[in-house]
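Trainee: If you want the building blocks of each chain, they are given just below.
Number of protein chains: 2
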Amino acid sequence: MNEKIIKTHGSIHRIRKMSGFSFLILRTAHRLIQCVLEPEKCEIFSPDGRPWKEALKEEMCIRMEALEVAEPRSRTGWELHPVRIRILSVPAEAMPVVIHGKEIPASLETILDNRPLTLRNERERAVFRIQDALVRGFTEFLQQQDFVQVHTPKLVSQGAEGGANIFRLDYFGKEAYLAQSPQFYKQMMVGVYERVFEIGPVFRAEKHDTARHLNEYTSVDLEMGYIEGFEELCRMEEAMIRHALEGLKAICKEELDLLQVRIPRVEAIPFIRFHEAKEQVAKRYHRPIREKDDLDPEEEKLLCRLIGEETGSEFVFVTHYPTAKRPFYAMEDEKEPQVTKSFDLLFRGLEVTTGGQRIHTYADQLAKMKARGMDPAHFESYLMIHKAGMPPHGGLGMGLERFTARLLELDNVRRACLFPRDIHRLIP
Amino acid sequence: MNEKIIKTHGSIHRIRKMSGFSFLILRTAHRLIQCVLEPEKCEIFSPDGRPWKEALKEEMCIRMEALEVAEPRSRTGWELHPVRIRILSVPAEAMPVVIHGKEIPASLETILDNRPLTLRNERERAVFRIQDALVRGFTEFLQQQDFVQVHTPKLVSQGAEGGANIFRLDYFGKEAYLAQSPQFYKQMMVGVYERVFEIGPVFRAEKHDTARHLNEYTSVDLEMGYIEGFEELCRMEEAMIRHALEGLKAICKEELDLLQVRIPRVEAIPFIRFHEAKEQVAKRYHRPIREKDDLDPEEEKLLCRLIGEETGSEFVFVTHYPTAKRPFYAMEDEKEPQVTKSFDLLFRGLEVTTGGQRIHTYADQLAKMKARGMDPAHFESYLMIHKAGMPPHGGLGMGLERFTARLLELDNVRRACLFPRDIHRLIP
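One line per chain: the protein sequences are A and B, in this order. Numbering-wise (the numbering used here), the first sequence opens with residue 1 and increments by one. Numbering-wise (the numbering used here), the second sequence opens with residue 1 and increments by one.
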């Protein structure tokens with residue numbers, strides 16, 4: 001006999017009554033398993049161990065003993081024939097949304113309103129297994145490259161990115177802010193370990209309400225010393241992404257297949273200078289240049305299309321952003337001080353990373369702050385490292401949700417965030 | 001010849017002038033290296049590539065080519081004789097604190113005020129290499145045990161731990177809070193993946209000013225479904241700690257040696273019931289029981305002493321905490337509802353973990369909330385999971401800084417936090 005008894009557990013994802021038996025889909029931590037339930041062949045017990053006479057319900061949590069039977073028509077090539085079911089919990093109410101279809105037949109709004117439950121859908125949860133695998137890959141790569149993982153404070157006395165886009169709160173009578181990035185701290189830590197990274201939350205009080213913005217997101221931040229130029233940061237990021245993508249299949253092949261993920265090639269990602277990018281897009285797509293110092297979302301998409309057609313790459317590093325649009329710690333190009341030694345990484349039409357070389361001498365940093373009308377006294381502990389001595393260094397921050405969304409070609413970054421925060425949404 | 005030319009880089013940690021030469025200590029990312037600098041045998045260049053005529057300074061960042069020479073009297077068994085030094089950056093000011101001694105000769109207050117620099121001290125930075133290695137070990141173990149790493153929001157609409165100890169802020173016109181723990185979210189995710197973990201910041205607006213409290217700390221949180229009892233959580237934590245401690249030597253042996261870390265044995269950690277613990281401590285140490293429902297810091301220390309003497313273990317699980325002192329989601333013992341299926345882990349005299357089994361049925365959770373005078377309407381998205389169906393589950397949260405502090409036998413938890421936040425301190 002091609003049969004054996006196995007023990008498993010999970011939730012009853014779906015029940016379909018047939019004549020004389022039911023198809024029952026068991027949702028385990030990893031997959032959906034087809035079970036054929038014939039009432040007379042299966043003992044069923046209640047949570048307190050007594051025989052269960054009623055019907056089974058969807059979303060009951062159960063333990064099961066079952067025969068594993070070959071079944072070529074099932075997705076896995078086998079199915080289970082339960083012989084003993086112990087109900088562990090009985091739902092109080094039916095699900096408010098149908099989650100057991102391939103997709104959830106509801107708006108993004110409804111999906112997010114019911115996030116604790118809609119994440120039980122197999123496609124929804126596949127997104128975050130893949131995100132977990134990306135984080136594992138990034139982390140593993142950075143550790144191999146001798147980066148130390150750090151945990152820096154999110155309650156801060158001064159924002160790193162400046163501007164009004166910062167959350168404020170009362171901290172025992174003092175004004176505090178939520179960190180917009182670990183920028184100052186990761187730079188400080190370069191003086192300690194040379195290479196550091198942090199994967200953690202950052203907070204932006206931006207009033208944007210777009211498919212690309214979140215007000216709290218997970219930032220993959222790294223910072224490294226003793227660099228010769230910002231291009232080293234780009235190559236480090238390229239290798240990090242390549243490593244993570246190459247590792248995905250070993251961790252979550254089923255999820256990649258389910259979502260039909262197109263894993264991009266990551267090899268010698270092309271570089272293009274910011275002004276060159278603006279001009280080429282304007283010329284190729286007959287668009288007037290409106291905003292001189294920044295790429296708008298449409299330009300990011302067109303640039304990726306152009307680069308894709310010319311090089312086959314789905315990534316592009318846009319370099320030498322205008323000094324006017326970069327923060328006060330960005331290092332300027334010696335030959336052309338109106339641009340910085342900085343870059344963004346675009347992936348499938350969207351900016352997913354910002355990075356660059358930082359000013360490391362006290363004189364230069366002080367001069368730039370004064371030129372911008374900033375009061376150095378507010379940045380005393382940050383400037384400590386410039387006074388005391390820092391190596392040439394730089395780093396980058398990648399938005400984990402944005403990267404995930406582009407990898408999976410999701411139409412909204414919220415779909416790549418477990419519990420997104422936007423200007424309208426603070427729950428669940 | 002027992003000599004070879006190597007290339008390296010780092011900061012000049014210390015210079016000691018002798019007659020005709022200098023001892024120079026190079027601080028690299030990993031260690032201090034003794035160098036013997038003989039001016040006539042070494043070319044020195046400025047940051048812009050010109051010959052450097054002045055003296056070298058501490059905290060200069062340099063690249064170096066040097067002969068590696070056997071030297072039995074040095075800590076490593078060898079030393080470097082530089083032949084070429086390229087200065088990369090010149091400090092603007094001398095260090096405000098002496099960091100190149102074995103310990104920093106300053107108060108904790110001064111050490112923390114100058115944290116960006118005092119972390120460059122070899123003992124200070126060793127602490128956080130060990131902390132990084134712990135996080136690697138915990139993470140690796142949990143991934144092996146099929147836990148999915150999640151990133152849950154820190155901006156929330158409702159506190160999980162209740163009480164007044166919560167930071168509030170304005171979120172686009174709504175009142176928001178900083179998460180006291182990922183409690184609700186990790187429970188929600190048990191319905192999705194069965195096992196999840198998160199290592200991230202949590203925020204407590206507690207007014208305590210003690211050596212054990214931080215107002216922002218890093219919590220190692222895990223939550224798992226399909227448990228038979230809370231003891232499974234304890235055994236999971238025990239195995240996680242054992243795995244991480246066993247892995248330390250491979251990652252940071254030099255740091256362990258430097259700090260003379262006593263790695264504890266982690267085997268069959270003993271259990272003691274809360275009331276039993278209270279009574280035994282009172283009896284053995286002739287202390288009256290003042291607070292019936294909690295252990296005070298002195299009792300935690302004495303209990304660890306008692307358990308250590310009786311069993312040799314430096315850890316102890318204290319179980320069955322009084323229901324009155326545990327949150328509304330804690331599951332009560334069926335036979336003795338005045339106590340919960342919960343535990344704390346004490347390590348070398350300090351509570352480092354709180355955990356327990358959670359209520360998983362809607363009826364029970366609703367009843368308990370109502371009995372406590374809570375309004376279930378405020379917890380709608382949390383209760384969604386109880387309504388829809390949840391397996392028996394539980395979890396725990398470990399304070400990373402507390403665990404590190406006890407492992408390294410540091411007298412203050414602030415010493416195990418890169419940039420601590422307390423009621424007086426928001427900078428650096």
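Among the hints, erroneous ones may be present.
Pairs involving identical chains hold if they fit within one copy or between any two copies, as the list cannot separate such chains.
Here are the computed lysine-lysine pairs in the BS3-like style, where the Cα-Cα straight-line distance is at most 30 Å [claimed, not checked]: (1) Lys102 - Lys292; (2) Lys207 - Lys17; (3) Lys292 - Lys325; (4) Lys370 - Lys207; (5) Lys370 - Lys57; (6) Lys249 - Lys41; (7) Lys41 - Lys17; (8) Lys207 - Lys102; (9) Lys325 - Lys17; (10) Lys174 - Lys370; (11) Lys4 - Lys368; (12) Lys53 - Lys335; (13) Lys57 - Lys292; (14) Lys174 - Lys292; (15) Lys7 - Lys53; (16) Lys207 - Lys292; (17) Lys301 - Lys207; (18) Lys207 - Lys174; (19) Lys249 - Lys292; (20) Lys368 - Lys57; (21) Lys53 - Lys292; (22) Lys53 - Lys17; (23) Lys17 - Lys4; (24) Lys368 - Lys53.
Everything labelled a hint here was simulated from the structure, so no lab data went into it.
Trainee: Each hint needs a verdict: does it hold in this structure or not?
Mentor: Hints, one by one, checked against the model:
Taking the shortest alpha-carbon separations for lysine 102 and lysine 292, neither the intra-copy value of 45 Å nor the inter-copy value of 54 Å comes in at or below 30 Å. Proximity of lysine 207 to lysine 17 under the C-alpha cut-off of 30 Å is found in neither arrangement, the shortest distances being 49 Å within a copy and 59 Å between copies. For the homomeric pair lysine 292 and lysine 325, the shortest alpha-carbon distance inside one copy (10 Å) is at most 30 Å, but the shortest distance between copies (60 Å) is not. For a Cα distance limit of 30 Å, the shortest separation of lysine 370 from lysine 207 inside one copy, 29 Å, qualifies, whereas the shortest one across copies, 38 Å, does not.
Taking the shortest Cα distances, lysine 370 and lysine 57 sit within 30 Å of each other only across copies (27 Å), while inside one copy they are farther apart (68 Å). Taking the shortest Cα distances, lysine 249 and lysine 41 never come within 30 Å of each other, neither inside one copy (39 Å) nor across copies (54 Å). Within a single copy, lysine 41 and lysine 17 get their C-alpha atoms as close as 16 Å, which meets the 30 Å cut-off; across copies the closest is 89 Å, which misses it. In the homo-oligomer, the alpha carbons of lysine 207 and lysine 102 never lie at most 30 Å apart, since the shortest distance is 34 Å inside one protomer and 50 Å across protomers.
In this homomeric assembly, lysine 325 and lysine 17 never come within 30 Å of each other (Cα to Cα): the closest approach is 62 Å inside a single copy and 47 Å across copies. With identical chains, the CA atoms of lysine 174 and lysine 370 are at most 30 Å apart within one copy only, with a shortest distance of 26 Å there and 36 Å across copies. Proximity of lysine 4 and lysine 368 under a CA criterion of 30 Å is satisfied in neither setting, with 73 Å inside one chain copy and 43 Å between copies. Proximity of lysine 53 and lysine 335 under a CA criterion of 30 Å is satisfied inter-copy only: 27 Å between copies versus 82 Å inside one chain copy.
Taking CA atoms no more than 30 Å apart as the test, lysine 57 paired with lysine 292 passes in neither setting, with 60 Å inside one copy and 44 Å between copies. For the homomeric pair lysine 174 and lysine 292, neither the shortest alpha-carbon distance inside one copy (39 Å) nor that between copies (36 Å) is at most 30 Å. In this assembly of identical chains, lysine 7 and lysine 53 lie within 30 Å of each other by CA distance solely inside one copy; the values are 22 Å within and 77 Å between copies. For a Cα distance limit of 30 Å, the shortest separation of lysine 207 from lysine 292 inside one copy, 23 Å, qualifies, whereas the shortest one across copies, 50 Å, does not.
In this assembly of identical chains, the alpha carbons of lysine 301 and lysine 207 lie at most 30 Å apart only when taken from the same copy (22 Å versus 50 Å across copies). In this assembly of identical chains, lysine 207 and lysine 174 lie within 30 Å of each other by CA distance both inside one copy and across copies; the values are 25 Å within and 14 Å between. Neither within a single protomer nor between protomers do lysine 249 and lysine 292 lie at most 30 Å apart by alpha-carbon distance, with minima of 42 Å and 54 Å respectively. Taking CA atoms no more than 30 Å apart as the test, lysine 368 paired with lysine 57 passes between copies only; the shortest distance there is 25 Å, against 66 Å inside one copy.
In the homo-oligomer, the alpha carbons of lysine 53 and lysine 292 never lie at most 30 Å apart, since the shortest distance is 72 Å inside one protomer and 46 Å across protomers. Proximity of lysine 53 and lysine 17 under a CA criterion of 30 Å is satisfied intra-copy only: 16 Å inside one chain copy versus 89 Å between copies. For a Cα distance limit of 30 Å, the shortest separation of lysine 17 from lysine 4 inside one copy, 25 Å, qualifies, whereas the shortest one across copies, 78 Å, does not. Taking identical chains as interchangeable, the C-alpha atoms of lysine 368 and lysine 53 lie at most 30 Å apart only when they sit on different chains, with a minimum of 29 Å there against 77 Å within one chain.
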